[in-house]
Structures are given as structure tokens and as C-alpha cells.
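Chains as they are written, first to last, in this note's numbering: chain Z, 1 to 196; chain S, 1 to 234; chain W, 1 to 493.
Warning: the hint list may mix true and false statements.
In the SDA-like style, the derived pairs of lysine to any residue whose C-alpha atoms are separated by at most 25 angstroms in a straight line are [to be verified]:
#	chain 1	residue 1	chain 2	residue 2
1	Z	Lys7	S	Ile141
2	Z	Lys192	W	Ser395
3	W	Lys12	W	Lys58
4	Z	Lys188	W	Met392
5	W	Lys373	W	Asp362
6	Z	Lys188	S	Ile164
Hint data in this document are derived by calculation from the structure and do not stem from the laboratory.
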Amino acid sequence: MNDNKLKVKDFITIGIFTALIFVVEFACGMLGFIHPYIVASYVVLIPLVGSIPMMLFYTKVEKFGMLTIMSILIAIIMFVTGMGWLGAPLIIAAGLIADLIAKKGGYKSFKSTALSHGVFCLWICANYFPVIVTAKDYRKSLLDGGYSAEYCDALFRAINGKTIAILLALCFIFGVIGAFVGKAVVKKHFEKAGIV
Amino acid sequence: MIKIHLDPRTKLFMIFAVSFIVMVNAVSPMEWAVRIIVTLIPVFLLANEGRYVSALRFLLCYGAALLLLRFYISAESTGVISALLVGYCGIVAQFMPAMIMAWYVIHTTKIGEFMSAMQKMHIPDGISVSLAVVMRFFPTIKEEYLSINDAMKMRGISFAGGRITKMIEYRLVPLMFSCLNIGEELSAAAVTRGLGAPVRRTSPVQLRFKAADWLMIVVFAASMILFVISKYFR
Amino acid sequence: MIEIKNVNFRYKGTDEGGLHDLSLTINDGETVLLCGSSGCGKTTIGRLINGLIPHYYKGELTGSVTVNGRDIAKTELYDLAGVVGTVFQNPRSQFFAIDTDGEITFGAENIGMPPEAIISRKNDTANEMHIERLLDRSIFELSGGEKQIIACASVSVLSPDIMVLDEPSSNLDSSAIMKLKAILADWKSHGKTIIIAEHRLYFLRELADRMLLLDNGRITKELCADEIKALTFADTEQMGIRPLSLTDIGYSHESKSTQNERLTLENFVFTYKDGKHGINIPELELPTRSIIAIIGHNGAGKSTLARNICGLEKKCKGVMKLGDKTLKAKDRLRSCYMIMQDVNHQLFTESVRDEVMLSITDKQMTDTDKLQKSTEILTQLDLSAYSDTHPMALSGGQKQRTAIASGIASSKPIIIFDEPTSGLDLAHMKQVAGEILKLRDMGKTIFIVTHDMEFILSCCDHIVRLEEGRVVGNTTLNQDNAASLRQFFVSEI
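Next comes chain Z alone, as it looks inside the complex (with noise of 0.2 angstroms):
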């Protein structure tokens, strides 16, 4: 019996948590249409909110593969939405760690499960990358088209190629606090519900 092993099961369920998370990412986007610098606080909304069902997601499958795969479902999903392919040696580069990291522990120490989805949060930061490549250039051309220079600034401010290491922070940050978030929703409901 080999139970370390994803069998359908496995692949049903992270193809449903993967579903949540997006829900959560459109969830959280569609404030992003409010202000651009909204868009900056992916880094702290979507771990935070996300690591409820991210959380869940952890007690039901329990072996290795399960952050790999989702992280290359969520690449090919951001790919064919248009959101572009330069974020997916991320994606996947941070799933796979999160995965190693989260085997460390057994799928079970919760040390190694908050550390885990700190990196795993790191796929959020792929969002940015397609406004970021494009923003030198944009930010020149506005320039050459005579706009301010503080205009410029002001737009770009929050997201640009020096910022990201900020974000990309941020996101194992958020996403490591987002465990102990996650962790007591998951205790207060499905715990007790007899469900994990």
C-alpha cells in the first residue's frame, strides 16, 4: 500500500483548494480596481484571507506533490488568463520549496507548515511581475511623452523592480502570520466539526 503516493483523491482535492484560492485572488483583485495601490496589498490580503482554505488544504492531503502541483496549476492558470509566463519559475520554484519544507515536518509540525506556505505565498509576487517588466519602459515613454516626473513616480511608486524584494518579503511574512490565521479557523470550525 503505498500511501505516499497522490492518488485521485489527492488530485480532486488540490484541484478544489487551487479553485478557492483563485476565488480568493479574484476576490481580492476586484478591490484592486479601486486603487492601484491597492494592488500593492495583495502581498498581505491574499495570504491572510488565503491561508483559511490554504490552511485546510495542508490537513487533507499530506504528502509531498500537493503544493507542487498546485503551484504549477496556478502558473498554467495565470498563463492562459493573460497574466502572462514570466511569473512561473516562481510559482513553481516556491511550491516546490514549500513543498521540501512542509515534508520536513511531516505534513504535520505546524513550524514547518506556517514556514511552508511563507514561501508558497510567494506566488502572489507573480502578479506584479508583468506591470514591473513593462514599467521602465512605460515609465520612459511617459517621461518622453512630457509627463511630470512625479506623476510617474507616483504610479510606479508601489510597484517597480526595486520594491519587489519588499514584496516578495512581505508575502513570506504575511503568509507565515497568515498560518496562525489560518490555523485557528481551521481549529474553531473543522476541527471541531470532525472534519480534519
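With the hints as your guide, set chains S and W onto chain Z.
Same frame as chain Z, but now just chains S and W:
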């Protein structure tokens, strides 16, 4: 009009090409021309599929953004509103081509075809099963959420007294329970119909590259090459 | 042939639904009906046959199960796909694909059937079942009955000889059940063995070769075809199962005819975005403090009416006149409480007590008052033992009671039930009827969307009948028109 049916692999290549082209900013007229052609093709394809409303909407949206950029960009960027407007137009003009292409692909490709294509590209069955489940769950999540939302309205807890954490909890938790239950039943129904058998999944869909596919591939590959040349070898 | 020998089974973590020393032999071509109250083990038997036990549902299993010579415990599920086909209870959750074609061919794709064979099997199945018009459509557009038919087609494609069905009619209305009956008859005529676990038995009266009554994991009664047909209403009542014939159900409940205040719905016009479904009710006068059943065929607009009464559709400009008050949709939301068809969608907290307290919104009440009120309500509904249990850990009937408790706690005068008895056994159906009668005695006005005739006869005072969005009947229920009610339900058979 003859209906043009493209192989999903061709469509994926088209998305790849468009994503590439929008990554780099268009400045010269030729680059803009390529951009526009590459945007018009999916619009045309959408119309070809009978989706006139979306085709028209995208056309107007992109057209408006382009025009505003063209004739506004030289004006002084005074005032927050005009700055914001041009900002948005810039983003729209930048990302719309990819969005339109993505919309076209998603709405004209059946999940079965897509899974077949993935198999031909040597992606393991497990991943394509998971992807199929993701696609199948999006409408389900929407249905479940609408019902949960009704319940919240009816019980008067949509805004949970202004507590944001409760608002999120009331929405997410029942949704997750629902998804788990459905997932449980879905899995049972899937395994009793042989999912997980140690054989390669087959499909009634038979994918083949036709003339239209080759045409698209050539056009988009050429666009990419022209872009690269224009950008780096000017 | 199916042989179950001395099987003892206990699900991991619960005593419910298990089996005790069960032995059963089913011959080829037999149609066996398994019935009994919830938790009796009828679903479990189906799972022994299709292999979900022990390969999917974990638990302690002893004894042997052999299907066509194969030892189930040693056979993989994917090898059984072509031997045993299973149709599940919930049309909404058992489909894998988004389109009907993909769903029908799903099983064939899984076992690696060659593409041409898949296409021909799909077409053959569609022809045999007369569902050509359902091909190439989105499953999300289909009605519950149509989804269930696609589910049947989907298992048919692999041509299994044995069909296991687990309460397939639970979420279906009478016309959909008739279509299901036709499919079963067709399978039977092709010599398939059918094992069907059910609560609603009337559509199986002619089809069943054998009926097994289960209680607590044991077979307590076995009836052959003739005996089945000879069962009377009194017999089935005594056995604790639903009647086998709708015409037998008597009507003895007397509705109170008091001079109640009237409630009038005015200008209830609403159409869904697709333009096809909706309601058009210029005026409807109803008694308050009554139990009003809303009946009609599938698509007649019952649920739409219920949603609009509740005030869930903002676009509906209709009003409800109650005494001297005129209630618009927004006001109706505050006056109506709905027990939804899927109760899971309206449970939000982590304990039954919290769930009840969530509905107590009177800002004048202190916390102690609220606690006391909730205790009263919980006792009223027999839920005190569960006051700290998480609602999602409860059984379906208990969840429903929790929702009713929350409804009482909300102090809203109008309570709406959407198909409260789908999937319920006799005892639970009677329990719900009892709870609804209590609600009426509290002075509430109750609307029930239902297609359960026995349930209507056991507690409703008034019937509103819809057809294509319009009211075609609005009468008090009494001995005289109970007959025409029966006619309505029986006419579909």
C-alpha cells in the same frame, strides 16, 4: 462564414506570443501595428465564433484606450483625474491584448479538448485531472456562494456589524464546507467510474493541426520576431 | 451474482450506518429494493457491492463480499467500473465534466477505451435512453432530473451488469422520477441487476423483485414481488417506511379555520435574466397563521415565488400587504426566515447555541436574556444535548432543526421552507411536520415549497398551485379537495 476551429495547442502558442509582445512597450509605429494586429485577430476570432457582443466590447474598450493615449499623452498631466485616466488607459492598452486572447481561448475551448492537448504535450494525467476539477469548480463555487450570500442577507449578517473578520468568516467557512462535501461525493462518483486506472486516459477528441492552425502559428511567430528585431536591432 | 456473507462493518468514527452479521445473495437480473430509516445501513450495502467499502470509505470490515466471482476486498475500484455502475443521490455533485458529452464519456476515457469506441458507445447510449437533445450542453444549465439522467447515461456507457443506486430520487420531482423509472425499467429489461436504496418507494412498486427492510444494520424483513404489491398503507406505516402508492394516503388532519388576518401579495412579477423562467402574480390573497403549501411542476416557479416572498430578489417591485403594513422586498427580508433546501448554506457559527443566538438581534436584550431564550428554543426542538456541537457535525435532520431554531429565535413572523423533506425517511418527515405545526401554533405564517404529497396531507392548511409562473389554484385544504390534490400528484405517474 466558415467557422475557424483551432487546436488548443495553437491557442496556447497564441497566448504565449501575445504575452511576449505586450511585455515590451510599443513605441515605433511598426510595433504598434503589430500590437494592433495581434489584438484584432482574437477579436475577429470571437466574432467568428458568434460572440459578437464580447468582440464589440473589447474592440470599443481597446479602441477608446488607444485613442485616449494617443491624443492625451502630450497634454499636461494636470489633475488627479486625467492622470488616473491616462494611467488606466495605459494599463488597459498594455494588457488588453493578452486579456482578449485569454478570453477567446477560455470561451472557445472545451475542457476535454484542453485535457487532450495537455496529454499530447506530455503533461501527466494527474495534473490535467486537477485542472479539470479547477474548471469544474469555478461555476460550482459561484452557485454555492450565491446561495450562502442569500442566507446571509436573509439572516441580516451580510456586514456582520462591520466586523471584517466575521464577514470573511461567514463567507469562506460555509463555502469551504460545501466544497469539501461536494468534493467527497465527486471523488466517489469518479473512482467508481474508473478514474485512477493505471492506463493512459483516452479521449473522443482527436487533435490535429489544420491549415488555420499553421496560419496562426506563422502569423504570431512572425509578430514576435518582428517585435524583437524592431526593439533590439533598430 | 452477488454474495455477501456474514459482513460486519463499522465506519471509522461513528456507529451509524454500520452492518451486523449481514448475509445476502442477489441473483443476476434481480431488482432489489433496500429500505429503512436513515442510518439503517442500506447505503452501506450498496458500497459493499461497488467497492467503495473498503477502498474508499474506511472502517472495520469482516466477512466477504463477492461480485461475479470477484472478491471485492481484493479488486481495485477501477477494475470494477465495468462491472458495477453507481448512481448517487445528489445530481449536483456527482458530475465531473462541465459538458454533457464529456460527462457521458468520462468512464470510457478513464479506462482507456479507443476514441472511435468511445464515440460509438456515447451515441448508442444516447439513442437507447432517448437523450439526444441533452447532448452538447452545459451541465450547469440542466435541471436536477436531467442531471440525474446524464449520470445514468454516464454509468451505462461502460455497460456494467450491476447497477447500484443510492437514493437517486431524493432531489427529483415527480416527472423526473418517472423518467428515472423508465431508465430502470429499461435496464431491467436488458437483464441488469439493480440494487436501489430508497425512501420514496412508490415508483418502484412494479419494478422491485425483492424488498429488504433494514434496521440498525440487519435485515428485518424480506418481501417478494407479490407481497410488495400487496402492501397497504397501514403496512408501510407500521414498517416505518413511506407508502408504496400515493392513492392510499389518507387525509385526516383538520386545518383550523379561524378568522385570521389576511396577507396579500400584489404585483409579484419577476423574470430571471435568461428570460425564460419567472413568476407573474398580479394578486394573491392568503391566510396568515397558516401552513401554506406551494406546489407545481418543475419550472413552474415555486422556488422563485418563495425567494420573492422572502425578499431576496431586489428587482421584484411587488409588495406584500400584511394588516396595515405594506412590505417591499427590503422589508420582507426582515420579516421572513427561510429554511433553505441546502441547510449547509445557512449555518455560520461553531456551535448550535451560537447559531441560535446569531438570530437574536433584539438590541434591547441583555446577554443573559439571549442565553436564556436560546436555551428555551433548544429545549423546544430537542437540541439541548447538542448546544455545543458544531452545526456541520450534525446529521441532516438535526441541521434542519438547528435552522428552524434559528428561525424561531429571529422572531420573524413568516417562515419559508424550501423542499424540507427531500431525502427524509418517514419518521423524520413526520418530525418535521410536527415542528411546522408547532410553528403555526406560535402564530407564524408558514410557506412550504414541496412536492411531497404525504407531507402536505399531514400538516398543510392551504394550497397554492403554480403553473408557468401563474397561480392556478388557491384553496384551503380539506377532505373535499384532498382528492384533487392527489389527482395532481398522481396524474404525473
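TODO: Sort out whether Ile164(S) lies within 25 angstroms of Lys188(Z), counting only the CA atoms.
DONE: Holds, because 17 angstroms separates the two Cα atoms, which is no more than 25 angstroms.
Open item on the list: Can you confirm whether the C-alpha distance between Lys192(Z) and Ser395(W) stays at or below 25 angstroms?
Closed with: It holds: about 15 angstroms lies between the C-alpha atoms, which stays within 25 angstroms.
Task: Satisfaction of hint between Met392(W) and Lys188(Z), Cα-Cα up to 25 angstroms - done: 12 angstroms, holds
- [ ] Mind checking the alpha carbons of Lys7(Z) and Ile141(S) for me, to see if they're no more than 25 angstroms apart?
- [x] 23 angstroms, holds
TODO: Quickly compare the C-alpha distance for Lys12(W) and Lys58(W) to 25 angstroms and report which way the hint goes.
DONE: 6 angstroms, holds
Task: Pair hint outcome, Lys373(W) versus Asp362(W) [Cα-Cα no greater than 25 angstroms] - done: 11 angstroms, holds
Of the hints listed earlier, there is not a single one the structure fails to meet.
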